[in-house]
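Colleague: Based on the sequences and whatever the hints tell you, model everything.
Sequence positions in the sequence shown follow the UniProt record's numbering and run 1 to 133.
Treat the hints as calculated values from the structure; they're not laboratory data.
From the three backbone atoms N, C-alpha and C, an ideal C-beta is built for every residue, glycine too.
A portion of the hints provided could be inaccurate.
[To be verified] Ranges of calculated distance between the beta carbons of each label pair, as one might list FRET restraints: (1) H90 with R26: 31 to 41 Å; (2) A36 with I72: 17 to 27 Å; (3) E123 with M42: 31 to 41 Å; (4) R118 with R28: 35 to 45 Å; (5) K122 with T10: 27 to 37 Å.
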Amino acid sequence: MGVKLLGRYTVVPRDLFRMSAGPLTRLRDISLRPGAPSWDLMTVDGKVQPLGMTSDWAQWCIFATEYENSAIPGTTLPEDLILIHERREHYSLQASREMTLDELNAEVTSFLNNEAIRMTKKEWHVKFPTRTD
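Modeller: Now the structure itself:
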């Protein structure tokens, strides 16, 4: 039985934040790190698979460290990315087509560097001193 996802978007619906240690996205594949306590996604035959509205497994890629990226509501996602509303306040930027992990990392990095607002942790806390909801 698959996990029911709450939404699938091609346009950013609300303020979303991604915290990272730097400007490059480096998602971690569980198949390359057997037994690792933390990971971001699982590839199948070396490829990241796009998620539908239900999934037998979830990819925990993206959207909480030193830099924060804020995706602006109304921003259209690139053709190869989709935003999945997985649960409550958790969204993840996903591949919209089958691709390699390197391709997904490049797509996410490009989107965040070109479309998101980059802030240091201090700048982020000044702009958002309390919850955004």
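Colleague: Next step is simple, just say for each hint if it's right about the structure.
Modeller: Here's how the hints hold up against the structure:
Judged by the Cβ atoms, the range 31 to 41 Å given for H90 and R26 is violated: they are separated by roughly 20 Å. Distance hint check for A36 and I72: the Cβ-Cβ separation is about 33 Å, which falls outside the suggested range of 17 to 27 Å. In this structure, E123 and M42 meet the distance hint of 31 to 41 Å, their C-beta atoms being roughly 34 Å apart. Judged by the Cβ atoms, the range 35 to 45 Å given for R118 and R28 is violated: they are separated by roughly 22 Å.
Checked against the hint of 27 to 37 Å, the C-beta distance between K122 and T10 comes to roughly 33 Å, which is consistent with it.
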